[in-house]
Structure formats: structure tokens, C-alpha cells
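Protein chains in written order, with the numbering used here: chain A, 1 to 609; chain B, 1 to 88.
By construction, these hints were calculated from the structure, which means they are not laboratory data.
Predicted, not measured: the structure shown is a model, and the values here were computed from it.
Certain hints may be false.
Here are the simulated BS3-like pairs of lysine-lysine, each with C-alpha atoms no more than 25 Å apart in a straight line [claimed, not checked]:
| # | chain 1 | residue 1 | chain 2 | residue 2 |
| --- | --- | --- | --- | --- |
| 1 | B | 12 | B | 29 |
| 2 | B | 12 | A | 274 |
| 3 | B | 63 | A | 564 |
| 4 | B | 29 | A | 234 |
| 5 | B | 12 | A | 471 |
| 6 | A | 234 | B | 23 |
| 7 | A | 471 | B | 29 |
| 8 | A | 397 | A | 483 |
| 9 | B | 2 | B | 29 |
| 10 | A | 564 | A | 554 |
| 11 | A | 219 | A | 237 |
| 12 | A | 147 | A | 234 |
| 13 | A | 483 | A | 471 |
| 14 | A | 268 | B | 63 |
| 15 | B | 12 | A | 231 |
| 16 | A | 564 | A | 519 |
| 17 | A | 237 | B | 12 |
| 18 | B | 63 | A | 274 |
| 19 | A | 287 | A | 268 |
| 20 | A | 502 | A | 237 |
| 21 | A | 180 | A | 237 |
| 22 | B | 29 | A | 413 |
| 23 | B | 2 | B | 63 |
| 24 | A | 274 | A | 231 |
| 25 | A | 553 | A | 519 |
| 26 | A | 180 | A | 7 |
| 27 | A | 7 | A | 26 |
| 28 | B | 23 | B | 2 |
| 29 | A | 231 | B | 29 |
| 30 | B | 63 | B | 23 |
| 31 | A | 287 | A | 219 |
| 32 | A | 287 | A | 237 |
| 33 | B | 23 | A | 268 |
| 34 | A | 287 | A | 220 |
| 35 | A | 237 | A | 298 |
| 36 | A | 268 | A | 150 |
| 37 | A | 564 | A | 234 |
| 38 | A | 237 | A | 274 |
| 39 | B | 12 | B | 2 |
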Amino acid sequence: MWGYTGKILRVDLSTGEMNTDTLPEKTLRDYIGGSGVGTRILMDEAGADVDPFGPDNLLIFMTGPLTGTAVPTSGRHEVVAKSPLTGGFGEGDAGGTWGTALKKAGFDGIVIKGISPKPAYLLIDDGSFSLQDASLIWGQDTYETEKYFKAKYGSYLETSCIGVAGENLVKLASILHNGKDARAVGRGGLGAVMGSKRLKAIVAGGRQDIPVFAPLEIKKSIVALAPTIVKNTKAMKDFGTAGTVIGCEKIGDLPIRNWRDGSWTGAKEISGQKMTSTILSGRYFCKSCIIGCGREVKFDNGRYRADGAGPEYETLGMLGGSCMVEDLEAIAYANELCNRYGLDTISVGSVIAMAMELYENGLINEQDTGGIALDWGNAEAMLELIRQIAEGTGIGKLLGNGVRYVANEIGGKAAEYAIHVKGLEVPAHDPRAYNSMGLGYATSNRGACHLQGDSYITEKVVVIPEIGIMKPLDRFRTDNHGKIQADLQNIMCLMDSLKICKFIFFGGVNLTNILDWYKYVTGLDIELQEFLLIGERIFNLKRLYNNMCGITKKDDTLPERLLKQPRPDGGAAGNLPPLESMLEEYYSARGWDENGRPAQETLMRLGLE
Amino acid sequence: MKVTFHEPFTEKLNCREWELEIKTRIPVKRLLEIMAEQHPYFNTIRDEFIEIYPYGGMLLLNKRNIARIDDYIDNTDSVEVIPPIMGG
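Same shape as in the complex, but just chain B (with noise of 0.2 Å):
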């Protein structure tokens, strides 16, 4: 499954993009832990991204849902990381 990172999680994280493979289908929220358990990044902001999800950052799934936490995603599916969109 191909990660795409945006600013400022490229920053973060000095890279673009992940590849991870996924066995199964698996929900939104076992792919946020997975991330968490990728990169000590994503384990410091736990709380505000994986806890409290979508509010400290969203996933874009194959370049047009906002991905809900139970959804289910698989290897043929893309994902990006953008900042949450909330106000304005």
C-alpha cells in the first residue's frame, strides 16, 4: 500500500512516501497504529492522531475520501496523510 506524506508530515518525517504491505483488509485504525509503530513520529503525536482521529490528521484514500476511522482498506488502496480540515 502506497503512503503519501503532505507538509507538514514530509517534514516531520524527511520522506515523501511509504510503501507497507498490508496482508488483509484492515481498518483505518489499525493502519494509524501501524504508522504509530513505523516511525516514533506518529507514536509522539498518538493522542492527537490516532486517539482523537480525524481531528489531529486526516487520510485521503485513493485521492478523494476523507477516510473515516472504521472504514476498511486494503493493498489496492492509496492513502494520504494531509493536515485535518476543520474551520474556514
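This is chain A alone, in the form it adopts within the complex (with noise of 0.2 Å):
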């Protein structure tokens, strides 16, 4: 099929055997690729039984079929497993350059199983393949790793790899790829998923063509939205998504003080706005990307350093917010930490800021933390903690596995502080500044993310007509969430899978748009409900496979503080998002029955029976 290479790599650590595969057409139409695709796979090979760190849970790398093509910011892909965090379903999606280096390799995706018996990485290089000994860098952090492959390989080879928090299987670890450009599959410890398996990176590159149906039908429509992307997004170019954080502390959407507090004066300290005039040096486009929202920052002020990837909004909410740093220097050198380590920045946030609530009302104390005052606002006590959390000493080894672990490790009080979803911590977009994004959370597949269903976006600037969104949104509305909050997991899904980066809405490029593309690159003629009914069946596979893992209505809910306590002050101050009747809305709309599962007919629907 136009728009795929054909291949998918499977690779047995255990034995070492390696072996090229097809995927059926049927999978690629009904499932299009990276997500979808990573998921129908995970279910038929995997199941929902399986050990996250044992031989059997797959570690899926998947591409789509857009990854490597010319469309305005396709250069990505995704990577599948269950969560060893969550113990459900668990993806995370990175820009950069790593998806279209494997997709000019000769492949579609990897999909890979056992446990190797010494450190190993994958070496595909334009269509060969080899497991290669990794004990040299086992131990090396991801800014190393990457050095030490362009040294060793040459330039056109990327990649991706874990650091020493992968290594040693901490739940907050995150695979890391373009090494100190940093760009991340950040959530759910897939990273550790990869340190069980004892692989260290995978390295790969080629200069295989991928076939496309229509280029210059795809050239046409690039050149025709192109001006508008750029112009709207000019705002991402010069400040990162980094330059939301005033307006996101204004209009009560940031967290603050492990989410106590409704406003912030440290705001403007960490702000994009702050960052270009002090400490930017350069600006990061992932591969086909026209907005160029990444930050690269360097500096050396003898107490804090860094160079490389810049802390996005998400890093500074939840280490500044919501830990109370106000040092951007501070956080722009813990970013770097986490990355080179390989560490969700937005659950090492979370985690720390319940620590310090914790130290704060006495349910842990210096003993504890080995003689750290974890005081609110203290950027040295944090860079220690994510040290810790790493390397698993100290009351990081307690730490590193999450808030849902430290709640019942601590017990009392402690479950107050911990603020997740399913396991995974809450990240910086407050669902009381956003009431579907209350809903969302509740319902994403892969615990608490802003991505899965993206709703803010409808309730900020975008509009997406062919669902019905002729307008903006209003953010506190009460009812009218159901089924737009089905049909945006349903849309996020689509772009999870053909691979493209949601930040494109932003350009004003809508769903047609999308379709159009995707017609281009595969030939496939399909109408937009066809398109939308293959994003139902990819988010529905996904909630099955939930239901498998014992995941259901119960588990769709919110932390309390966010669910019962209103934000005291600012933008948002005083609403709560009405999580019970938006879920009611949202099963009717799903076709769900009332404990959270997919009914039959709504699964025969689908062609998921």
C-alpha cells in the first residue's frame, strides 16, 4: 500500500531471532498505523495478562502512514505496551526525527518481546537489522547514548533510547530520542517497559524512498495552507508552548501548589516570554514541522547548566507550579536532568509536589528524605529528588513509582496529594479551568493526559466544523460534552495513528485537511465518516483492552482536590467540573453499557465483536 513500506521488524530478545513481517491490508485500512495499529497488536499478541517488565508484554514502536512524507508535521511516531505505572493500556507519541529514520530503514514498525540477557541495542540500518552487545553505554545517560551512536554510526542514523531511569526500571521513565534535542515518548514507564527488556536504544536510518500515491497533490495542498500554518502559529514559533504559561495562570488552568492554589505571581518568572529573553538560544522543528514550537536552550550560571531541549509548558507547570520554583534556570536544568535520565518531567512534577505536601503537613519528615527540607519553592530539594528518583536511592526509590504507589505506601491523608487518573499523574491543565477536560481525563485510555481527547483546544481557538464546532466553545459550560468529547478521542486517535502533530489545529488546518492527506499518501478514497468510525474503533480497542486489565466506570473519575475542592482565586476560581452527568452524556454517546464497557451492538459496529 501506498504510504507504508510493507515491513514491520519483529525481534525476540530472548532468543535473539529476528524476522521482517507484513501486516495485512485489512489491519492497515481498519487501523491505519502507528496507534491503532500498535494497539490491535498489543490485544491479539500481547493481551491484557501479561507482566509489564515480563518477557511477554510487547514493546511496539509503530509509525503511520504519513511518518516521513512531506505533510506539515508528520515526522512521528508511537510506541505501545502496557504500563507498568498504570497497569493498563499504555502509548506515548515524540516528534523528532526518529519515526521517518525507521520508516527510510525499510520499516513500518517494530515489535518486540523478551527479555535479553545482557544489555543490548537494535542496529537497522537501510533494511538490515542486528542486535548488537550495549554493554559499553549501559549506564550512559540519553544525551551520551546519542553521541555515542552518531560517533560510532554516522549522522544519518537516530536514536532512540532509555536512560539510567529505564535502566533501572523506574515507573516514571520515558524513552528519549535526537539526543539533546530531547524529544520524548514521556508517559506511562514505557521507558522502563524497555530497560526490562534490557534494550538499550534503538539505533536506525536509511535511505529508502516511501512511496507515496499523489505528491504532488500533497504538494498543491501544502503550499496552499502553508502561509496560514505559519501565521497562526507565530506566537508557538517565538515563545514555545513555554509562552502559555501567563495565560494559563490567568485564566486559572495552571497548577499550583500540587494544585491548592488559584493564582501565582512566580508565573511570569517561568514564562516563554522570560525564556526568549533570557536563556533561549534557538528554536527545534521536528522533521516536516512548519511551527517549530521546541526550544533549545544553553547556559551555565556556575550554579545551574544546560544545553539542549528547553522545558516545555507541561515541565514548567508541574516543576514550577506546581512544586512553587520560580527559578527558570532552576527548571530549565532539572528538564535536562530528567531528559538525559529519561523521566516523565510532568509525573516527576507531580510526584515531587506531593512529596513536598507531604513533608509540608508531616506525613514524611527529614528522616525520610534523608535530611532534605522539601519546602515549597526549594529548586535544590527538587534536582535532588529527581537525582534520586533516577538512580532509585534514598526516598527516590519510594518516589519513582508514582503518586498512586506513594498514596498507599504512606496511607492516611497521603491519597489527598496524589493527583492522577488510572495511575497516571494529572498533568498541567487544571479540569476546573476546562470542565471537559474533567471528562477527559476521567475517560483517556491511558490514565490522566491532556492529548487523548485535547478538548481545551475547542475551548481556546479552534474550531472543528466537520463535528460540529463552528465556534469556540465555552470552558465552563455544564452540558454538551458527551458525545464532542467522544468524537475528539475519536479525532486524536486518527492523528495518533497516521502520525501527525495535533499542534497542526492550531494552524487552522482542519479535518478535511487531514483527510486529504491521508488520501494522498495511500490512495484509499474514504469519506469522513468512514475516517471518523476507524478513530471509534482505535479508541473503543484501546478501552477494551482496559476492561481486560479490570479497568472500568470505576476508575473513570478524578482526584478529589480536582473533582471537590474549587479553586480559592483567579481565572477559575469557584468551578467545578460536573464529572457524574458529563459521564452520563459520554457513555450514552459511546455506546457504552452502565459499567463502562462497550455494548455489543456498538461493538459490532465497529467490527470489534
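Please dock the two separately framed chains into a single complex, following the hints provided.
Laid out in C-alpha cells, this is it:
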């Protein structure tokens, strides 16, 4: 099929056996690629009963049909596995250049099982593949690992790797790409799955063409749309996602003091605007991107230093606002430490903020912390905890298991400070500032995630006429949530399967444009309704996987603090998301039963029976 | 009508607040034009601040609602000017 190389690589690390395989055309039509195909493989070949760290868990790297084409923002890939952090469905999406490199090496994806008897890396060079000894680089951070491979194999091979956190099976570990440019598959502990397999890295590249059905049509479409994309996203290029920190604080969206406070004067000190005028050294564009929201920073103030990717909004929200750290350079250094260790900055920020609150309330003390005073805003303490989490030492050994685990271990009031859904820490957007995000978090298949429904974009600036959103919606509305959330989750499943960045919506691109790109790349002639049905099928398949993991309606909820305690002041003061009524609408729109399971007729309609 | 500015607008305008006298209900777009008439900075960023609103800056009404270009406002409303909120 056009848009695909037609091959996936299967690797059994236990035996060292490797072979190429083809995916049935029906699978590609029904699940597209990336997240969709990865989920189908996880469901069919691993099942839900696998131990996330056992040999039978699969670690699946998948590109999509758009990956590596000229379609704007399509330089992306997906990683799918059962999550060790949540015990349910796990996935992550990354930009950078690695997905394109894998496809140019001749593969749409890699399915990895087993556990290597010794540290290994997978080398995929222009169609050939081999497992290599990684003993020399085991223990190295992600920046050094990438540098090592660039020196060894040349610059056209790209590296996906874990750092020390993944090697140590820290459940907050991520998978990093592009060395110091640090594009991450951040969430759900997939870096620890890679570590459990003793797989340090996948190094891939090649010079193979990616077959596209109608390249001239793609070019025409890009020429028509690019000026608007570039114009609308100028602020993202100028200030990065960090440019939203000030606005998010004003509207009551930024997490502050572990989601307790409503406003914070420190926001302007850690903003993208401040970064631009101080430590910014450049802007980063993922492959095929014309937006350029990535930040590069470089500084050394004697105390803190960084040379590489700068902090994104999420990092600033969680390590800054939620921990009350208003020192931008300290956060940029913390960001670099997390990237080098291979740690998810969202979950790390959340668990450190929780530790600060536990310390404040006497549930842990300096004996527990090894003498660290975990006061709000203490940047040095934050940095030390990051080291301990990655290395599995001190109190970091406990914290590295995520907030749900910490709450269970400490007991009592600790659960109030653990801000998560289904075990995944809530990212830096408050559902009390956007009601729809409450429903999105509660029903997201990988746990609290802002990107699986991405509904808040339709309450800020984005319109999606194809699903009836003709103008931005009211963020505090209390009804009309169910179908909109379901539609948006289905669309985001499409984006994660095609492999295209969700930020393209900010450029004024609509769903019809995206469908056109899919058609131009694959040559498949499908209608919008069928396209949306594919997204719905993928979302429901993930839900079925979670159902098999024991996840049902009881888990579709929010932490007490976000559900019952309004922000005391600021731009979202007094508001609480009406979760119960939103869920009722949502289950009905989804065609799920009262326990949160897709009904039989829903499964039949989607071909999932 | 009280118009409050946040970074980076405070720095560009060298002030935190304006008091504007609005005689009738006006659409947000008209307010943006008035702001461009009042200060050369908003005039120089007209293309991104007005023409593609809200991609170059956003207005927050009465500390709660993100103003839409066709919303109507009057003297009783408070307006805050914030940088655009997009990705993240």
C-alpha cells in the first residue's frame, strides 16, 4: 500500500531471533498505523494479563502512513505497551526525526518481545538489522548515548534510547529521541518496559523512498495551507508552548502548589517570554514541521546549566507551578536532568509536589528524606529528588513508583495529595478551568492525559466544523460534553495513528485537510464518516484492553481535589467539573453500558465483536 | 472600561492598566481596533493581534471567559490582555 514500507520487524530479545513480517492490508485500513495498529498488535499478541516487566509484554514502535512524508508535522511515531505505572493500556507519541529514520530504513514498525540476557541495542541500517552488545553504553545518559551512536555510525542514523531511569525500571521512565533535542515518549513508564527488556537503544536510518500516491496533490495542499499555518502559530514559534504559562495562570489552568492554589505571581518568572529574553539559544523543528515550537536553551550560571532542549509548558507547570519553583534556570536544569536520565517531567513534577505536601503536613519528615527540607519552591530539593528518583536511591526509590503507589504506601491523608487518574499523574491543565478536560482525563485510556481528547483546544481557539464545532466553546459549560468529547477522542486516535502533530489544528488546518492528506498519501478513497469510524474503533479497542485489565466505570473518575475542591481564587475560582452528568452523556454517546464497557451493538458496529 | 495588561504587553506598553470610556456595547473586534488607535504598539502588531485574533494575544473577560472576536462588551466588563494560549 502507498504510504507504508509494507514491512515490520519482529524481535525476540530472549532468543535473539529476528524476522520481517507484513501487516495485512485490512489491519492497515481498519487501524491506519501508529497508535491504532500498535494497539491491535498489543491486544492480539500480548493480551491484558502480561506482566509489564515480563518477557511477554510487547514494546511496539510504530510509524504511520504520514510519517516521513512532506505532510506538515508528520515526523512522528508511537510506542505502545502495557504500562507498568498504570497496569493498563500504555502509549506515547514523539516527534523529532526517529520515526522518519525508521521508515527510511525500510520498516513501518518494530514489535519487540522477550528479555535480552545482557544489555543490547538494535541496529537497523537501510534494510539490514542486528542485535548488538550495549554493555559499553549501559549506564550512560540519553545525550551521551545518542552522541556515542552518532560517532559510531554517522549522522544519518537516529537514536531512540533510555537513560538510567529506564535501566533502573523506574515507573516514571520515558524513551528519548534525538539526543539533546530530547523528543520524548514520556508517559506511563514505557522507558522502564524498554529497560526491563535490557534494550538500551534502537538506532535506525536508511535511504529508502517512502511511497506516496499523489505527491503533487500534497505539494499543492501544502502551498495553499502553509502561509496560514505559519501565521497562526507564530506565537508558538516565538515563545514555544512555554509562551502559554502566563495566560494559563490567568485563566486558572496552571497547577499551583500541587493543585491547591488559584493564582501565582511566579508565573511570569518562568514564562516562555522570559525564556526568550534570557536563556533561549534556538528553536527546534521536528521533521516535516513548519511550526517550530521546540526550545533550545544554553546557559551556565555556575549553579545550574543546560545545553539542549528547553522546558515545555508541561514541564514548567509541573516542576515550576506545582512545586512553586520560580527559578527558570533551575527548572531548565531540572528538565535537562530528566531528559538525560530519561524521566517524564509531568509525573516527576507531580510526585515531587506531592512529596512537598506530605512534608508540609508532617506525613514525611527529614528522616524520610535523608535530611532534605522539602519546602515549597526549594529548587535544590527538587533537583536532588530527580537524581534520587532516577537512580532509585533514598526517598526517590519510593517516589519513582508514581503518586498512586506513594499514597498507598504512606496511607491516611496521603491519598488526597496524589493527583492522578488510573495511576497516571494529571498533566498541567486543570479540569476546574475547562470542564471538558475533567471528562477527558476521567475517560482517557492511558490515564490522565490532556492529549487523548485535547478538548480544551476547542475552548481556546480551534474550530472543527466537521463535528459541528463552528466556533470555540464555553469552557465552563455544564452540558453538551458527551458526544463532543467522544468525537475529539476519536479524532485524536486518528492523529496518533496517522502520526501527525495535534498542534497542526492551531494552524487552521481542519479535519478535511487531514483526510485529504491521508488520501493523497495512501491512495485510499474514504469518506469522512468512515474516517471517524476508524478513530472510534481505535479508541474502543483501547477501552476493551483496559476492560480486560479490570478497568471499568469505577476508574473513570478524578482525584478528589479536582472534583470537589474549587480553586480559591484566580480565573477559574469556584468552578468544579460536573463529572457525573458529563459521564452519563458520554457513556450514552459512546454506546457503552452502565459499567463502562462497550455494548455488544457498539462492538458489532465497529467490527470489534 | 478597565483594561489590564499582563506580560509581555506591560513591558511593551510600559504600563499595567488603561481606563477606556466605551459609550455603547461594542464587539471585541472594535475594542481591539480602539487599542490599536490608542497605542502605536498595538498598531504595529495589528496583523497578529487583530487580524488573526486570538492567535497573537487573547482577551480575558471579567477574569473568566476567553473573549471571542464577535462577543459584545460594554463599560461594565473588565478586560485582561494575555499572551495567546495554544499548545502545551
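Outcome of the hint check:
1. Our distance criterion of 25 Å between C-alpha atoms is met by residue 12 (chain B) and residue 29 (chain B), whose separation comes to about 21 Å.
2. Of the supplied pair hints, the one linking residue 12 (chain B) and residue 274 (chain A) holds, its CA atoms being roughly 13 Å apart against a limit of 25 Å.
3. Between the alpha carbons of residue 63 (chain B) and residue 564 (chain A) the distance comes to roughly 21 Å, so the proposed pair stays at or under 25 Å and holds.
4. Restraint check: the Cα-Cα separation between residue 29 (chain B) and residue 234 (chain A) comes to about 20 Å, which is no more than 25 Å; the hinted pair holds.
5. Restraint check for residue 12 (chain B) and residue 471 (chain A): not satisfied, since their Cα atoms lie roughly 30 Å apart, outside the 25 Å limit.
6. For the given pair, residue 234 (chain A) sits about 34 Å from residue 23 (chain B) by alpha-carbon distance, which is inconsistent with the 25 Å threshold.
7. A threshold of 25 Å between alpha carbons decides the hint, and for residue 471 (chain A) with residue 29 (chain B) the separation of about 15 Å falls inside it, so the pair holds.
8. Between the alpha carbons of residue 397 (chain A) and residue 483 (chain A) the distance comes to roughly 42 Å, so the proposed pair goes past 25 Å and is violated.
9. A threshold of 25 Å between alpha carbons decides the hint, and for residue 2 (chain B) with residue 29 (chain B) the separation of about 17 Å falls inside it, so the pair holds.
10. A threshold of 25 Å between alpha carbons decides the hint, and for residue 564 (chain A) with residue 554 (chain A) the separation of about 17 Å falls inside it, so the pair holds.
11. Of the supplied pair hints, the one linking residue 219 (chain A) and residue 237 (chain A) holds, its CA atoms being roughly 23 Å apart against a limit of 25 Å.
12. Note on residue 147 (chain A) and residue 234 (chain A): the hinted pairing is violated, with a Cα-Cα distance of about 32 Å set against a maximum of 25 Å.
13. With a C-alpha separation of about 16 Å, the suggested pair residue 483 (chain A) and residue 471 (chain A) falls inside the 25 Å cut-off, and the hint holds.
14. Proximity of residue 268 (chain A) to residue 63 (chain B) is assessed by CA-CA distance (about 17 Å); at most 25 Å being required, the pair is judged to hold.
15. Our distance criterion of 25 Å between C-alpha atoms is met by residue 12 (chain B) and residue 231 (chain A), whose separation comes to about 21 Å.
16. For the proposed pair residue 564 (chain A) and residue 519 (chain A), the alpha carbon gap of about 46 Å is over 25 Å, so the pair is violated.
17. Restraint check: the Cα-Cα separation between residue 237 (chain A) and residue 12 (chain B) comes to about 19 Å, which is no more than 25 Å; the hinted pair holds.
18. Annotation: proposed proximity of residue 63 (chain B) to residue 274 (chain A) holds, straight-line Cα distance about 23 Å (limit 25 Å).
19. Distance restraint check for residue 287 (chain A) and residue 268 (chain A): the Cα-Cα separation of roughly 31 Å exceeds the 25 Å cut-off, and the hinted pair is therefore not satisfied.
20. Between residue 502 (chain A) and residue 237 (chain A) the CA atoms are separated by roughly 15 Å; this keeps the pair inside 25 Å, and the hint holds.
21. A threshold of 25 Å between alpha carbons decides the hint, and for residue 180 (chain A) with residue 237 (chain A) the separation of about 19 Å falls inside it, so the pair holds.
22. Restraint check for residue 29 (chain B) and residue 413 (chain A): the C-alpha separation of about 49 Å exceeds 25 Å, so the hint is violated.
23. With a C-alpha separation of about 12 Å, the suggested pair residue 2 (chain B) and residue 63 (chain B) falls inside the 25 Å cut-off, and the hint holds.
24. Annotation: proposed proximity of residue 274 (chain A) to residue 231 (chain A) holds, straight-line Cα distance about 22 Å (limit 25 Å).
25. As the CA atoms of residue 553 (chain A) and residue 519 (chain A) are separated by approximately 37 Å, the hinted pair breaks the 25 Å bound.
26. For the proposed pair residue 180 (chain A) and residue 7 (chain A), the alpha carbon gap of about 30 Å is over 25 Å, so the pair is violated.
27. Between residue 7 (chain A) and residue 26 (chain A), the direct Cα distance comes to roughly 14 Å. Compliance with the 25 Å bound is thereby established for this hinted pair.
28. Taking the CA atoms of residue 23 (chain B) and residue 2 (chain B), the gap is near 13 Å; set against the 25 Å cutoff, the hint holds.
29. Between residue 231 (chain A) and residue 29 (chain B) the CA atoms are separated by roughly 19 Å; this keeps the pair inside 25 Å, and the hint holds.
30. Taking the CA atoms of residue 63 (chain B) and residue 23 (chain B), the gap is about 22 Å. The hint holds against a cut of 25 Å.
31. Proximity of residue 287 (chain A) to residue 219 (chain A) is assessed by CA-CA distance (about 16 Å); at most 25 Å being required, the pair is judged to hold.
32. With a C-alpha separation of about 15 Å, the suggested pairing of residue 287 (chain A) with residue 237 (chain A) holds against the 25 Å cut-off.
33. For the hint linking residue 23 (chain B) to residue 268 (chain A), the alpha-carbon distance of about 34 Å lies beyond 25 Å, and the restraint is violated.
34. Note on residue 287 (chain A) and residue 220 (chain A): the hinted pairing holds, with a Cα-Cα distance of about 19 Å set against a maximum of 25 Å.
35. Between the alpha carbons of residue 237 (chain A) and residue 298 (chain A) the distance comes to roughly 18 Å, so the proposed pair stays at or under 25 Å and holds.
36. Among the hinted pairs, residue 268 (chain A) with residue 150 (chain A) is inconsistent with the structure: their alpha-carbon atoms are about 38 Å apart, more than 25 Å.
37. Restraint check: the Cα-Cα separation between residue 564 (chain A) and residue 234 (chain A) comes to about 38 Å, which exceeds 25 Å; the hinted pair is violated.
38. For a cut-off of 25 Å, the pair hint linking residue 237 (chain A) to residue 274 (chain A) stands: about 14 Å separates their Cα positions.
39. Between residue 12 (chain B) and residue 2 (chain B) the alpha-carbon distance is near 18 Å, which keeps this suggested pair within the 25 Å criterion.
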